[in-house]
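Residue-level listing of the chains:
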Amino acid sequence: MLGVLRRGRLNQARAYGLRRPVFGPFALGLGAVAVAAVLAMLWGAADIPATTVGRIVLHRLGLPVEADWPRSWDAIVWEIRLPRVVLAGLVGATLAYSGAVYQGVFRNPLAEPYLMGVASGAGLAATLVIIGPLAYSFGPLSPVPAAAFLGAIVAVTLTYLLARTSRAVPVTTLILAGVAVGSIATASISYLMLTHEERALSVMSWLLGGLNAASWERVALLLPYAAIGGLALVPFGRALNVLQLSEEEARQVGVNVEALKLGLLAVASLATAAAVAVSGIIGFVGLVVPHATRLLWGPDYRRLVPLSAVLGAGFLIVADLLARTLAPPHEIPVGIITAFVGAPFFLYLLRRTGRHASDA
Amino acid sequence: MLSVRNLWAGYPGRPVLRGVDLEAGAGEVVALAGPNGSGKTTLVRAATGVVRPERGAVLLDGDDVRSLSTRERARRVAVVPQSAALPAGFSALEQVLMGRTPHLGLLESEGPRDLEVAREAMEATGCWSLASRPAQELSGGERQRVVLARALAQQPRILLLDEPTSHLDLAHQVRALQLALRLGRSLGMAVLAAVHDLTLASLFADRIAFLSEGRIVIDGPPEEALRPEVIERVYGQAVVVLRHPTSGRPVVLPDLAPRAVPRGGGESVAG
Numbered sequence: 007m008l009g010v011l012r013r014g015r016l017n018q019a020r021a022y023g024l025r026r027p028v029f030g031p032f033a034l035g036l037g038a039v040a041v042a043a044v045l046a047m048l049w050g051a052a053d054i055p056a057t058t059v060g061r062i063v064l065h066r067l068g069l070p071v072e073a074d075w076p077r078s079w080d081a082i083v084w085e086i087r088l089p090r091v092v093l094a095g096l097v098g099a100t101l102a103y104s105g106a107v108y109q110g111v112f113r114n115p116l117a118e119p120y121l122m123g124v125a126s127g128a129g130l131a132a133t134l135v136i137i138g139p140l141a142y143s144f145g146p147l148s149p150v151p152a153a154a155f156l157g158a159i160v161a162v163t164l165t166y167l168l169a170r171t172s173r174a175v176p177v178t179t180l181i182l183a184g185v186a187v188g189s190i191a192t193a194s195i196s197y198l199m200l201t202h203e204e205r206a207l208s209v210m211s212w213l214l215g216g217l218n219a220a221s222w223e224r225v226a227l228l229l230p231y232a233a234i235g236g237l238a239l240v241p242f243g244r245a246l247n248v249l250q251l252s253e254e255e256a257r258q259v260g261v262n263v264e265a266l267k268l269g270l271l272a273v274a275s276l277a278t279a280a281a282v283a284v285s286g287i288i289g290f291v292g293l294v295v296p297h298a299t300r301l302l303w304g305p306d307y308r309r310l311v312p313l314s315a316v317l318g319a320g321f322l323i324v325a326d327l328l329a330r331t332l333a334p335p336h337e338i339p340v341g342i343i344t345a346f347v348g349a350p351f352f353l354y355l356l357r358r359t360g361r362h363a364s365d366a
Numbered sequence: 033m034l035s036v037r038n039l040w041a042g043y044p045g046r047p048v049l050r051g052v053d054l055e056a057g058a059g060e061v062v063a064l065a066g067p068n069g070s071g072k073t074t075l076v077r078a079a080t081g082v083v084r085p086e087r088g089a090v091l092l093d094g095d096d097v098r099s100l101s102t103r104e105r106a107r108r109v110a111v112v113p114q115s116a117a118l119p120a121g122f123s124a125l126e127q128v129l130m131g132r133t134p135h136l137g138l139l140e141s142e143g144p145r146d147l148e149v150a151r152e153a154m155e156a157t158g159c160w161s162l163a164s165r166p167a168q169e170l171s172g173g174e175r176q177r178v179v180l181a182r183a184l185a186q187q188p189r190i191l192l193l194d195e196p197t198s199h200l201d202l203a204h205q206v207r208a209l210q211l212a213l214r215l216g217r218s219l220g221m222a223v224l225a226a227v228h229d230l231t232l233a234s235l236f237a238d239r240i241a242f243l244s245e246g247r248i249v250i251d252g253p254p255e256e257a258l259r260p261e262v263i264e265r266v267y268g269q270a271v272v273v274l275r276h277p278t279s280g281r282p283v284v285l286p287d288l289a290p291r292a293v294p295r296g297g298g299e300s301v302a303g
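Note that the protein sequences, when read in sequence, are chains A and B. Numbers in the numbering used here are just positions in the first sequence, counted from 1, shifted up by 6. Numbers in the numbering used here are just positions in the second sequence, counted from 1, shifted up by 32.
For the record, the hints were derived by calculation from the structure and aren't laboratory data. Every value quoted in this text rests on a predicted model; they were computed, and no experiment measured them. For every residue, glycine included, the Cβ atom is placed at its ideal position computed from N, Cα and C. Check each hint, because a few of them may be wrong.
Cβ-to-Cβ under 7 Å is the rule here; a few derived chain A residues that face chain B [what the hints assert, rightly or not]:
id, residue
1, 241
2, 248
3, 250
4, 251
5, 252
6, 253
7, 259
8, 260
9, 261
10, 262
11, 264
12, 331
13, 333
14, 334
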């Protein structure tokens, strides 16, 4: 067409932010997650020396360390603290990368992974199980996560089908349908709580979300969804970037918009449903973390999705650490901590965006 | 080449196009004129598969739009929309690289070849110097050039311009159309440009097609299409047609004499 690009020009173009490094920030984020995890492992109601915590973990990993600690410490470190830290990391990462994807698909900075009814659907199903006769008959293998997972999937599917017109699923209709489905579920939860007062507190504590029921079983429940979801979504960064044009323009540059939307929302919703199933409704992580990531490293979804995951993991590990250590011997539901951190940050974002909008 | 055959299309309960026939051959620049609401944008949308035809067809290089995948369609036809979305935070070069989408796999990243195509497109539209500038810092004229470069990066055979100049000042309008014309000529693209300004259409187009109430009422070279009685019928506005002093092309001015018959929805031809 117009002559051949020389090698020097190519490097020059590379300097225009084309191949933005993702590994540096990612490694940095992983480092922060590791620090948060170590802190969370050391800190707790039981006063176990740091070196002993380390030796217990090494012992459990099969290294030749002599076990000279009380058996209860072993259980606290390996069966309580570690699965809790791992679960917090997985839930935080899942909510955050799903939030980033939701924001990308809806092209709306206020979108979050509960927008299509995941949380309220899971909440209603969990409530039904908690007030029903089944909840306490399974012992440690509670049917609540499975019910919550199914409830979430049903609600999201319903929202999607309600918003669907003959050829497309407009995102504004999706949001409104999500609000409608969510309202009905929330109203049902309120009604059930009022009519089953004796279980209202259990329902409430589930709805507020928390990691106090963390166990290796729950880690195993979430891990496949979290990992497969993340691995499946990260490569769609470029497609999400193109989607930031209008949907019509995205289609005109060759993106199959409806298929892309359906695929991304399905994967993100599945992963979110699994996270909600094991930890209840933890708010603000999926909203605030992608934004913080955007502020730190820009709007490119090729970076935003993986970096949100790392930041989300770190954020929820720290929030959960605060939740269980701020007011001993009581535990504050972690959803309250994330709301206290998240809501002011959210307001800050709103005011910031508002100022930008009025500048334009 | 682009060929529109007896196209009926529109929105539920509101047919906008009612049997449109139109051709634009390789290297040809066709201006599409007509009042607001006459269906110019609908035609552009139908040609890119955004609006589904009820009857008739749009053929891109001989193939029905409906038979092509989104990807294949975007390799054949590119659009410069009325006001393009340029997502904030992405550099001009990144915006242009988004035009490489139809040449990449769903999960593929841009390679050196794509960068080369993007650079050539940006040099052709004179915006390579803006490559590292974020979208929100670009002026209206700069944005237009970036969007045109994005369309060129698709390497289409057909270029659709939907009122590409409506937000631009006179100099940028002229430059944008000159550029589109030159690109159509040098790259052998078929160019269809929806325009409001009949004088600009006259100066830059090989043919002018008038769309009125969903049909093409006249389609021919500017000398033939820009006749006072045609324009009056299309817009409901009396006009006088003069000769451009240097190019000799017809120039349209509104006639404010009392015989002017305003019509609902009519558009001032003075643009």
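- Task: Starting from the hint list further up, note which numbers the structure goes against and sort them upward.
- Result: 6, 11, 12, 13 and 14
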